[in-house]
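Colleague: All chains should be built: construct the whole structure from the sequences, respecting the hints.
Next come the chains, spelled out residue by residue.
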Amino acid sequence: MGVNHNVLGLVSELKNRCIRLIQILNSNNTFEDVNELREEAVERLKHTYAGLQDLERDQLLQHSKMQAQAISAYQELFQQVVLVEEILVPVLITYDNHDHRGFLWLHKFASETLFPTYGIPSITAKSDHYYWTYPDLGIVGMPIGDIEGILGWPDLVHELGHVLLAIRPNFVDEFIPLVKQHFQSERDLILDLGGHPQSNRWINIAQLKWGGRRDGTWREEIACDLIATYLVGPAYGWQHLRLVTNRDNDPYFPLPTSVNHTMSHPADQARFEAILGILLALKRFEDIKRLETAWKQMLEARYYGKRPQGFDVYYPRTLITQLANIVHQQCQHIGLIPFTEQQSQNELDIVSLIDHAWNVFRKTPSQYGQWEKTIVQRFWVNLEPAKSVQPE
Amino acid sequence: MSDLGLLSKQYEQLNVLLRRLRKWITVSKQVYYELGDGVDEIDKTEAVASLTNVVIFLEQVIPAEDEGEWAEEWIIDPPLPIEVVKKIREAHANNQPLFLDRLRRLTLHLKEDLMQLTDTDIEMLDEIMLAASADVNEVFRRMMRWV
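Line order of the protein sequences matches chains Z and P.
With my numbering as the guide, the letters of the first sequence map in order to residues 1 to 392.
With my numbering as the guide, the letters of the second sequence map in order to residues 1 to 147.
Keep in mind that the hints are not guaranteed to be accurate.
To be verified - Listed below are the simulated DMTMM-like cross-link pairs for lysine to aspartate or glutamate, each with C-alpha atoms no more than 20 Å apart in a straight line: (1) Z/Lys108 <-> Z/Glu36; (2) Z/Lys65 <-> P/Glu73; (3) Z/Lys289 <-> Z/Glu273; (4) P/Lys23 <-> Z/Asp58; (5) Z/Lys65 <-> P/Asp119; (6) P/Lys23 <-> Z/Glu56; (7) P/Lys44 <-> P/Asp101; (8) Z/Lys180 <-> P/Glu73; (9) Z/Lys180 <-> P/Glu69; (10) Z/Lys126 <-> Z/Asp96; (11) Z/Lys65 <-> P/Glu127; (12) Z/Lys65 <-> P/Asp126.
Derived by calculation from the structure, the hints in this document are not laboratory data.
Modeller: Take a look at the structure:
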């Protein structure tokens, strides 16, 4: 049996799968919250089905000389089906009150911060790998424990940052020439003064990682940290510290000497410095001091203590500060309400609540658990007036 | 935060590249094997220019020991991701001089006319597309946590 013949069999099976999934989605009666998501999932499957039909009819790709192209085209369509089957279908068929609360949360947050309503994604509150988003599918995930746990909420705002960058792909374009300029100067410096034999490699890898092309992931991740800090303030810095403490990752990894190109996230230390950068733009000087002290204490109490050689070549402070200023300006430009202007009198507004939670956590840590339990119940009663929250 | 936000973006971007590569190489093979109803001149011009850029890039970066030796233009706008370069470099670790020679000849043939390509050139083009395809599939597997 020729490979292309085999592809025809695979195509035929995948067409059936598309139909089965459409039937499952159409027979699944869930909340109105996810009507659009269900329609999107069905549309994706129909589109993929049409693509499979085209592949079946494509005489050119049936040719024995086009085996590689036929398989590659099939694999792309297969992956489109998997995205729906393994991400969207489980979200839709298990959608319940927990997810509905996430939905209410997102809409309240968007109205508080003027986050573009057309960008509000659907949500699943049953994430099995912390907070995540797939902007192209219009979905974010949050861990179910955080529906009633406030401290982690800033990380949901980080995921909204990815969504914002997807709907505004040019948001940090101004940063690209700065990256080029910065690393060019670094290269010139090495030419003039000499440097570590590996310096040029570090500089080039760093430029790729900060750049705007396919390998450039650090700019996006840090931009999302900056957007989240702009919206929820120092609480994002405190949550970053909590996450680093909980996970115990090396805050300086990836290092220039140990970089793995598949590492998509920048070092936690660089992310922390970015958070401070935007707090500076927001003139939150006291918060910066407090965060710096706490971060230093955290580093001292852990195995990883010293800033490695070459770290500043990889994560230049000047670039991080420039990115912080660009994100600050862009957020203002599109009318997002910064944390500094959001501190309302209503303690049950999300941004106030997050800030308040972190203040209670820091000032009266032993009472935090009880305080959170009470306030979060009030929060949900307030947000779901028609339904009462069951007392324990 | 999980890697999904970044991986999904990377996956979408890599897929765009793969789709383009597939189209350019399909056009080249269509001309070379004289398949189908002929090729649109614009598609042909685009395929030749884009594939020439990819092949010149590979010709220059494959022999480089690491990214420190890449020319700045490739750092700013690499036509293929680093992972694809690594795959191809590793695959030809034992016959690099021969492979580079074939890349040089492929560049010449692309610049002349698609009809001037050889069976070896077509194999090389397929190999580049398959390396890009393997990279997309790897990112997809990581994204879906299949690995």
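Colleague: All the hints need checking, so say for each whether the structure fits it.
Modeller: Evaluation of the provided hints:
Among the hinted pairs, Z/Lys108 with Z/Glu36 is consistent with the structure: their alpha-carbon atoms are about 19 Å apart, no more than 20 Å. Between Z/Lys65 and P/Glu73 the alpha-carbon distance is near 34 Å, which puts this suggested pair outside the 20 Å criterion. Between Z/Lys289 and Z/Glu273 the CA atoms are separated by roughly 12 Å; this keeps the pair inside 20 Å, and the hint holds. A hinted pair counts as satisfied when its Cα atoms are at most 20 Å apart, and P/Lys23 with Z/Asp58 qualifies at roughly 13 Å.
A C-alpha spacing of about 11 Å is found between Z/Lys65 and P/Asp119, which places the hinted pair at or below 20 Å, so the restraint holds. Proposed proximity of P/Lys23 and Z/Glu56 is supported: the alpha carbons are some 17 Å apart, at most 20 Å. For the given pair, P/Lys44 sits about 24 Å from P/Asp101 by alpha-carbon distance, which is inconsistent with the 20 Å threshold. In summary, the hint linking Z/Lys180 to P/Glu73 is supported, as the alpha carbons are separated by about 10 Å, within the 20 Å threshold.
With a C-alpha separation of about 16 Å, the suggested pair Z/Lys180 and P/Glu69 falls inside the 20 Å cut-off, and the hint holds. Straight-line distance between C-alpha atoms of Z/Lys126 and Z/Asp96 comes to about 10 Å, which keeps the hinted pair within the 20 Å bound. The suggested pairing of Z/Lys65 with P/Glu127 holds, with an alpha-carbon distance near 13 Å, which does not exceed 20 Å. Between Z/Lys65 and P/Asp126 the alpha-carbon distance is near 10 Å, which keeps this suggested pair within the 20 Å criterion.
The structure is inconsistent with the numbered hints 2, 7, although it conforms to all the rest.
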